[in-house]
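Protein chains: 2
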Amino acid sequence: MQNFDYQTPTRLIFGKGVIAKLPGVMTQFGKKILLAYGSGSIKKLKVESLKLKDGSSTKATNLYDLTKELLKGYEIIELPDIQPNPKYDPSVLDGVRLCKEHKIDVILAVGGGSVLNCSKAIAAGACYDGDPWDLISYKVKAKAALPIVDIITLAATGSEYDSGGVISRTETNDKIGYIDRHLYPAVSFLDPTYTFTVNKKQTAAGIADAMNHVMEQYFVEDATLLNDGFCESMFRSLMVNGRKCLENPEDYTARAEMMLACTYGCNGILALGNSQSGWPCHGIEHALSAYYDITHGWGLAIITPRWMKHILNERTLPRFVKYGINVFNIDKNLDKWEIANKAIDETYKFFESIGIPMHLRDLGIDESRVDEMSHHIAVNEGLDQAYAPLTEKDIAEIITASL
Amino acid sequence: MQNFDYQTPTRLIFGKGVIAKLPGVMTQFGKKILLAYGSGSIKKLKVESLKLKDGSSTKATNLYDLTKELLKGYEIIELPDIQPNPKYDPSVLDGVRLCKEHKIDVILAVGGGSVLNCSKAIAAGACYDGDPWDLISYKVKAKAALPIVDIITLAATGSEYDSGGVISRTETNDKIGYIDRHLYPAVSFLDPTYTFTVNKKQTAAGIADAMNHVMEQYFVEDATLLNDGFCESMFRSLMVNGRKCLENPEDYTARAEMMLACTYGCNGILALGNSQSGWPCHGIEHALSAYYDITHGWGLAIITPRWMKHILNERTLPRFVKYGINVFNIDKNLDKWEIANKAIDETYKFFESIGIPMHLRDLGIDESRVDEMSHHIAVNEGLDQAYAPLTEKDIAEIITASL
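These protein sequence lines are chains A and B, in that order. With the working numbering applied, the first sequence corresponds to residues 103 to 505, in that order. With the working numbering applied, the second sequence corresponds to residues 103 to 505, in that order.
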């Protein structure tokens, strides 16, 4: 078992209607808020009237208006239009500039993981005098960050309970997972009803994203019995509840459990004391997204079973056998290799069954840039140190098998 | 799924030799430390020399001396002799007095759950002008508490990662679980090698304590698939690793996993969104300990299977069936009642197999005060609101069956 130094200070406020606590929560941070959001879906997201502490009821009918109604009396500066795979330029740069110009006290991120990831980079950049890319590229270590509060509308990334954010820089095809202890949100509001209107494509992408977060922590050299059980529970819960969310988008219990499961994806609690995997599928997918701007969860779903096939060998076999038996209920009396291969096939079939196109060609990616991407990944992602070490050739083979 | 508002801000520093970080960690809190510990076992607990940042090596050969060596330059006031089932008088009162007299900045608790629980009550009492019992008995809500750092030498209570502490008041036979958000330790040091010398009795009591913490969260009306998997993983890990710790007390991996599993016992992470159980076995055991000062983990182990038998009925059956299949691998094709009864028998046999005397008589408890204790529990513990509601008569029957 590995030593670790662990802390997740984020406060989770979870459940239907919890946004009523927003005004009380925000008082601790100051009066000037940067309200960060995406392409405007929060203006379409319908909300019910809330009964407030003072006996009054809210009038807003969408989440954007509700947020502003609840924050009457605060000075709110807006940063709209944050895109999926959030961009350094313009989103991070614009956000940092606004924070400095308006002396922002706190960032309120309303949306999914992209909005929150972008807000994290802004929070650090706002407390740094130089180019924010110095921080994101780990040239300079952040000394502070603005506090972040988020209201989550998409179950997927787990950014609401971790200290990381992924930022893309288009001109260099960089997509970097920026992790720093200052980036834990102070408070995350998680209301499962806000995910009722997430469409099938994004719901499936969220399931795949969260599933892969668990895989990146499960397929390691040295894992505790305890963590294996936690991870296997995550897999089963995400598959069962994910399917229910797709069948009935307004199934509160399924949306709620899926939202909570996603929240645990990346903050480490599932794997304390385990050795590191090197997060190989994320390493590969980040390049695909950086070069082709594809949906992250889809990219992961496509890569994952091909990566599994590629790394299955005598050494990794026991992990796949355990995965097959405990996650897919495969008969433990079968031949070990048969169990492992069945487990990989079941993984593929699950992603396919939730509507994910299982070939990169379906997303517009062909062989033309495979070598270039593989080189970029091999140079930047350190996958030669992964649980199953990957060379540039391995990476090219995995991507090619995924086309 | 239930709404929740959750935060565990504690930093866990885990693994062999991590105490080397103590001097760096303590600098943030001030110069005056209350060093709280028990009957002196930390003076017998042997430690190896540590290599420090400045290149020097520590000279101390026991944990007490090592702690003081690492904190050279700090003003240290000592509170020794904190007993198991820590007492309001003298320990809490003495600690509060010392904190006020010496204007203590931070409490350093070195020992097991009793030392830490006592330190939590002291931390709150030190920041309150009135009688500390006002806080513990929930008459007054704490507005602040001194920061607490702990070094854990016994895997059991999970106090190192939660906001509760159990305090006993002898003259009134009260044993109260005092919970307040100010009571999370700031930092918990967990070095599994410090538990190598824990004897078989205390090791078994720790296993039983942690097992029961999970049961109190697993046997509920409304549980998520996710949490069930987390809890079942805890049960399996505690049983497998607990047995290994007893067989080979210096098995680092087993001691480490057991220590980590215990840490998750009471901070809620295993059951976010579940409905409440009312913690019935703890409610009953607290009275047994308060009246007879028995070992908490032993009391729980004895009560648990009798409580299970007592509450098994048509409504609770599915929970016991799930428990039996997923925790004890009982054949799922058997009759449901048979599975449930087997699961309860397996629970009993497990506790027996790790050396716990399974009758209260073995601990010196007879029928003479059963009615008095049952009345005390019925009045004070609210078990009529538990998952399986218990009347005074039910409580008396469970205790009588445990004699």
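Honestly, I wouldn't trust all of these hints.
Computed from the model, here is a short list of chain A residues facing chain B with C-beta under 8 angstroms [said to hold, decoys possible]:
#  : residue
1  : Y108
2  : G142
3  : V149
4  : L152
5  : L154
6  : L173
7  : Y230
8  : R271
9  : S339
10 : A358
11 : V472
12 : E474
Cross-link-like lysine-lysine pairs, in silico, BS3-like; alpha carbons within 30 angstroms at most [to be verified]:
#  : chain 1 : residue 1 : chain 2 : residue 2
13 : B       : K133      : A       : K155
14 : A       : K243      : B       : K241
15 : A       : K243      : B       : K346
16 : A       : K153      : B       : K133
17 : A       : K155      : B       : K118
18 : B       : K134      : A       : K245
19 : B       : K451      : A       : K243
20 : A       : K174      : B       : K434
21 : A       : K424      : B       : K133
22 : B       : K245      : A       : K123
23 : B       : K118      : A       : K245
24 : B       : K438      : A       : K424
25 : B       : K245      : A       : K118
26 : A       : K434      : B       : K134
27 : A       : K438      : B       : K424
28 : B       : K245      : A       : K424
Which residues of chain B face chain A? A partial, calculated answer using Cβ under 10 angstroms [stated by the list, open to error]:
#  : residue
29 : T110
30 : F298
31 : N301
32 : I413
Simulated from the structure, these hints should not be mistaken for lab results. Think of the CB as a built atom: it goes at the ideal place given N, C-alpha and C, for glycine as much as any other residue.
Hints, verified against the model:
At about 5 angstroms, the closest approach between the beta carbon of Y108 of chain A and any beta carbon in chain B falls short of 8 angstroms, and the interface hint on this residue holds. Checking G142 of chain A against chain B: minimum C-beta separation of about 28 angstroms lies over 8 angstroms; hint violated. Evaluation of the V149 of chain A hint against chain B yields a violated restraint, the C-beta minimum of about 16 angstroms exceeding 8 angstroms. Taking 8 angstroms as the C-beta contact cut-off toward chain B, the hint placing L152 of chain A at the interface is violated, the least distance being around 13 angstroms.
For L154 of chain A, the interface hint is violated, the least distance from its beta-carbon to any beta-carbon of chain B being 16 angstroms, above 8 angstroms. With its C-beta approaching chain B no nearer than about 19 angstroms, L173 of chain A sits outside the 8 angstroms limit, and its interface hint is violated. Against a cut-off of 8 angstroms between C-beta atoms, the interface hint on Y230 of chain A is violated, since the closest Cβ of chain B lies about 23 angstroms away. For R271 of chain A, the interface hint is violated, the least distance from its beta-carbon to any beta-carbon of chain B being 33 angstroms, above 8 angstroms.
A distance limit of 8 angstroms between C-beta atoms decides the matter here; for S339 of chain A the minimum to chain B is near 4 angstroms, and the interface restraint holds. Because the beta carbon of A358 of chain A sits about 4 angstroms from the nearest beta carbon in chain B, less than 8 angstroms, this interface hint is met. Because the closest C-beta pair between V472 of chain A and chain B is about 38 angstroms apart, greater than 8 angstroms, the hint is violated. Against a cut-off of 8 angstroms between C-beta atoms, the interface hint on E474 of chain A is violated, since the closest Cβ of chain B lies about 40 angstroms away.
For the proposed pair K133 of chain B and K155 of chain A, the alpha carbon gap of about 42 angstroms is over 30 angstroms, so the pair is violated. Taken as a hint, the K243 of chain A and K241 of chain B pair is broken in the structure, with Cα atoms around 46 angstroms apart against an allowance of 30 angstroms. For the suggested pair K243 of chain A and K346 of chain B, the alpha carbons sit about 43 angstroms apart, so the restraint of at most 30 angstroms is broken. With a C-alpha separation of about 48 angstroms, the suggested pairing of K153 of chain A with K133 of chain B is violated against the 30 angstroms cut-off.
Annotation: proposed proximity of K155 of chain A to K118 of chain B is violated, straight-line Cα distance about 49 angstroms (limit 30 angstroms). Distance check on the hinted pair: K134 of chain B and K245 of chain A sit about 27 angstroms apart at the alpha-carbon level, within 30 angstroms; holds. The suggested pairing of K451 of chain B with K243 of chain A is violated, with an alpha-carbon distance near 54 angstroms, which exceeds 30 angstroms. The suggested pairing of K174 of chain A with K434 of chain B is violated, with an alpha-carbon distance near 57 angstroms, which exceeds 30 angstroms.
With a C-alpha separation of about 51 angstroms, the suggested pairing of K424 of chain A with K133 of chain B is violated against the 30 angstroms cut-off. Our distance criterion of 30 angstroms between C-alpha atoms is met by K245 of chain B and K123 of chain A, whose separation comes to about 20 angstroms. Simply put, K118 of chain B and K245 of chain A have alpha-carbon atoms about 29 angstroms apart, close enough for the 30 angstroms limit, and the pair holds. A C-alpha spacing of about 27 angstroms is found between K438 of chain B and K424 of chain A, which places the hinted pair at or below 30 angstroms, so the restraint holds.
Distance restraint check for K245 of chain B and K118 of chain A: the Cα-Cα separation of roughly 29 angstroms lies within the 30 angstroms cut-off, and the hinted pair is therefore satisfied. Only pairs whose Cα atoms come within 30 angstroms are accepted, and K434 of chain A paired with K134 of chain B is rejected, the gap being roughly 58 angstroms. For the suggested pair K438 of chain A and K424 of chain B, the alpha carbons sit about 27 angstroms apart, so the restraint of at most 30 angstroms is met. Distance hint between K245 of chain B and K424 of chain A is unfulfilled; the C-alpha atoms sit about 49 angstroms from each other, more than 30 angstroms.
Taken as an interface hint, T110 of chain B checks out: its beta carbon lies about 7 angstroms from the nearest beta carbon of chain A, inside 10 angstroms. Proximity of F298 of chain B to chain A is violated relative to the hint, the smallest CB-CB distance being about 14 angstroms (cut-off 10 angstroms). The beta carbon of N301 of chain B comes no nearer than 23 angstroms to any beta carbon in chain A, farther than 10 angstroms, and the hint placing it at the interface is violated. Because the beta carbon of I413 of chain B sits about 25 angstroms from the nearest beta carbon in chain A, more than 10 angstroms, this interface hint is broken.
Of the numbered hints listed earlier, those contradicted by the structure are 2, 3, 4, 5, 6, 7, 8, 11, 12, 13, 14, 15, 16, 17, 19, 20, 21, 26, 28, 30, 31, 32.
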